[in-house]
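Chain residues, written in single-letter form:
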Amino acid sequence: MSGAARIAAGILTDPARPVGFRFDGRAFAGLAGDTLASALLANGQRLIARSFKYHRPRGIVTAGPEEPSALVDVLTASGREPNQLATTLPLCEGLCAVSQNRWPSLHYDLLAFNDRLARFLPAGFYYKTFMWPARAWERLYEPLIRRAAGLGKLVPRIGAAAAPAETVHHHADVLVVGAGAAGLTAANLLGRCGLRVLLADQDAVLGGGTLLDEGWTAWRQQTGDALAASPSVRILTRSTVVGAYGHGVFGALETLAAPTSSSGLRERLHVIRVRRVLFATGAEERLIALAGNDVPGVMLAGAAHSYLRRYGVAVGCRPAFFVNNDEAYAALFALAAAGISPVAVIDVRAESLAAARARALGMRVYARCLVSAVLGRSSVRAVRITALDGAPLQTVRADSLLLSGGFSPRAALPVQLGGHLGWQERLAAFVPELTPRAGVMAGSARGVAGLAAAARDGAVAAAQIARELGRECEPHAAPPETDLAATPLAALWEVPGPGRAFVDLQNDVTTADVRLACREGYAHLEHMKRYTTHGMATDQGRIGGLLGSAVLAQARGQTLAEVGALRPRPFAQPVPFAALAGSEVGAHFKPQRRLPLHDWHAAHGASFVSTGLWLRPLVYAQEGGWEPVLREARAVRQGVGVTDVSTLGKIDVQGADAVRFLDVVYANTFSTLAVGRARYGIMLREDGMLFDDGTTARLAAEHFLVTTTTANAAAVLEHLEFHRQSTCAQLDVTLTDVADQWAQFAIAGPRARELLARIVDADVANAAFPFMAAGAVRAAGVAARLFRISFSGELAFELAVPAHCARTVWEALQSAGRTLGLLPYGLDALNTLRIEKGHVTGAELNGNTSAHDLGFGRMLKPQGDFIGRTLSARPALQSGERLQLVGVRPLDRARRLRNGMHLLASSGASEGYVTSSTPSTELPGWLGLALLSGGRARIGTRLTARSELHGEEVAVEILSPHMLDPENVRVRA
Amino acid sequence: MLRISCPWCGARDETEFRYRGDAGRPRPPADAGMAPFLAYVYERDNPLGWHLEWWLHVGGCRQLLQVLRHTLTHDIRWVGAPGAQPPAPTE
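Chains X and E supply the protein sequences, listed in that same order.
The working numbering runs 369 ahead of the 1-based position in the first sequence.
The working numbering runs 25 ahead of the 1-based position in the second sequence.
To be clear, the hints were calculated from the coordinates, so they are not data collected in a lab.
Watch out, some of these pointers could steer you wrong.
Listed next, with one range per pair, are the computed distances between beta-carbon atoms [to be verified]:
#1 X:P1119 to E:A36: 44 to 50 Å
#2 E:A36 to X:E841: 55 to 61 Å
#3 E:A64 to X:A1263: 53 to 59 Å
#4 X:G890 to E:A64: 41 to 47 Å
#5 E:A64 to X:P1335: 39 to 45 Å
#6 X:N1217 to E:D56: 25 to 31 Å
#7 X:A971 to E:A64: 48 to 54 Å
#8 E:N71 to X:R644: 26 to 32 Å
#9 E:Y44 to X:P1119: 31 to 37 Å
#10 E:D56 to X:D1334: 38 to 44 Å
#11 E:D56 to X:R963: 32 to 38 Å
By construction, the Cβ of each residue, glycine as well, lies at the ideal position given by its N, Cα and C atoms.
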């Protein structure tokens, strides 16, 4: 343990409000306002985790979302939340965190022997070693490796709050990402000229870099107050913009509550739509690759500065500094002012203004020197200082090492928008460059150093955006002038020497791994990344990514500019799936469509089935298997039944050219259809395959009603609209979707006419209303439409009534049918009836079948154009070898069929499959429909049907699909 | 995500629309024969640059639109009714 502790008042912590929490079972106390990381540091707890591959002790390296090492599991009421960043996790009373990837304990980790084997575990080791036998990979190697490597344990959030996340949509003029000096200035100016501004920052408080400089406190508060009071500015804190999707659409993740809270919202996903965007996302401090740069107690200098200013916590009492730039000295001076003097300041440069200031404060500065190694295992013990040429100089006892290798602009969002990363030698960094239309950048995100300079840059960016949106920004009030003159940095990526130097702490990738990848032929940056997993961890290599590029550049003998930087990918920060799902979970995953008679069906014992978005009555029973289904179906065969077919798509087609339009979109002819008649029609896709079927009735000379299958209702409407407005644009025709306006009932069975006559005012005798007649009637006093069409194969009518009258008419039917033995029937019975009759549904109209395949070949009109005409005539589609619709029936009547059974030739090869099957209402045993190669020519032959899934095999005979009443006597009765 | 400015409804998310293919290739005449129809249905240009496309506003006004979109930048330069004349697709 070090002597680090809380040494000052932090700007975020409240010393009057202690907060108790546990880490690995031990009780600790922090303060309200702490993160888990700052509270652990304040308690001297440095060792936080074991590393991914080598199980090396790891501590806290950063103070923000870029943290690679300090990941913990948080125990919750419903389980555990893995991979929480201690550096952003707000401390709350009772928080229980446990360390990851260690066994049995953090201090004594048995798998740490991996570290001793490190020289035998280079990059690509697993791929090279666990090659053979291949079967062992899944069963043995992978489970073993997964246990040894990896991060936290995932426990699904089952039983957690019903809706732990929600989605919010925003529309604004400008999104400002980042609330530092540049972002605050810009948001303020843009808001003042009346533009609607959305300001998002990942931090809990506004200020960004200004939080670290006392000279900016007043400015920060004034600007924050002005923004909060502005009616046109909306501020989102704790909200990280994680994705930029083009056309001004962005996604931001807001973290609302700690994972311990068992109820309430955890995350909020903001979907943001704006006209312009300003990226003021700042820059990220970089690591330096040197031996032992992962030992707990090694931290970025800026992070140490943050812990001091924000939480009053010093990382160590005897820190050593190792830097290559002047900006990092701010941490040094702040710590010194708080009474923590560095034991050594090691600067790679010969001289600098900041080093001179440090000397003036009496600090020991080692100029033109390096730290070549960190000594210590679970905590920093000393640092070894060498000259630039590697000559050993001195070993200095220190309890922490604060590093700074320079700064890289945060490029993730601009790169997602197609931004180019341009190398700037002056900064030794890649700086994102965006076309002005894609977005504007300001402050250190585009390489501008210094807070005052960033504020001025934000004002320039705001003026540019305001002008583009037709506004004029007022002049920018001068910011505090705190920027000191600075000496440029000297690029430094790696200190050569023995020992392992890490470029990716989270995935345990070393400089040696990068060189090995290059030697083994993975010399392209993106190949090296995949071979070594450099930058592929959840932190996407934010603090060490460029180090890997630099080591690779050296190995390739090229410049860093030539090698390039790892491409940041969405999301810019890990996003829980629960946040993406929002409240669209469980029953809210998709909308549910209910029939107008849903309540009646439910009250009469229906079990429902979900088809598409619809809930449809499957059978009016909760149990009993096929028995209640057959009872309903037999009522139709022997007496009368009624079923709710309101889910059918219904499209009202009107206009002088309506009939010409139908002739184009249907493969069969409608121009010969008389008023008051209906006709079955088939629709093809342009590639010649069957698309949909249904009946169309001619209600008047220029007025048709098209019905579609339930499943294709939306697709057919879209198809018809597309052709109406493109290929048929010259035709006078309009389409209206009336699916929801009309409820429709099929009344089927030998006594259907008898029932219907009791409630309609029209003559429904065969002479007056023959098969395929259509007309207006009044049913139970309601204006209705009557169609004499049949899907069941029986004498049948379909009665359409306005949806709001559905119950009146349906109940009139029920009471009129009581003495006729009327039964309502569900989707299962409907299916039984149509299979026996050989009518097709989606199982046969599956997108791979042609009109010829299903026996509709003669319906294709020989004359005139229609969609799909030319390509349906392709020779291969006429082939007799194609799968054709047939009926199947087990020879042993006691055996059943199953959907999906393969029809096997004597050789055992599959020649087709069963698409639909049912026990028969009239014949003994089961019947089915099947698609069989060359099926029509094989009617009367025998085959074997087999289901591998069920281990069943049954001999079947091949029949005509019209297994019941093939002469259509019943429907015309 | 694309935001498409429907002339009838205003700027809307692409999720309200259905992509309906290349608007620069009209359906061949009925008697054109097999080859032009095969090309119409199966052959796709994959241009780098401006592309004239059909988008149907299924979740809105159900109007079919021509959209001139850049396949690399996703910029949308023009949206018009089916019969309208698009601007010359120059760089």
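Consistency of beta-carbon spacing, A64 (chain E) to A971 (chain X), with hint 48 to 54 Å: holds (53 Å)
A64 (chain E) and G890 (chain X) - C-beta distance against the hinted 41 to 47 Å: Holds - the Cβ-Cβ distance for G890 (chain X) and A64 (chain E), about 43 Å, lies within 41 to 47 Å.
Status of the given 53 to 59 Å range, CB of A1263 (chain X) versus CB of A64 (chain E): holds (55 Å)
Hint check for R963 (chain X) and D56 (chain E) - Cβ pair distance inside 32 to 38 Å: violated (48 Å)
Range hint 55 to 61 Å (beta carbons of A36 (chain E) and E841 (chain X)) holds or violated: violated (25 Å)
Supplied distance hint 31 to 37 Å, evaluated on CB atoms of Y44 (chain E) and P1119 (chain X): violated (50 Å)
Assessment of proposed distance window 38 to 44 Å (beta carbons of D56 (chain E), D1334 (chain X)): holds (41 Å)
Pairwise beta carbon distance, N1217 (chain X) to D56 (chain E), judged against the given window 25 to 31 Å: holds (28 Å)
Consistency of beta-carbon spacing, P1335 (chain X) to A64 (chain E), with hint 39 to 45 Å: The hint (39 to 45 Å, Cβ to Cβ) holds, given that A64 (chain E) and P1335 (chain X) are roughly 42 Å apart.
Consistency of beta-carbon spacing, A36 (chain E) to P1119 (chain X), with hint 44 to 50 Å: violated (59 Å)
N71 (chain E) paired with R644 (chain X), Cβ distance criterion 26 to 32 Å: About 31 Å separates the Cβ atoms of N71 (chain E) and R644 (chain X), which means 26 to 32 Å holds.
Figure legend: structure checked against the earlier numbered hints; hints not met, in rising order: 1, 2, 9, 11.
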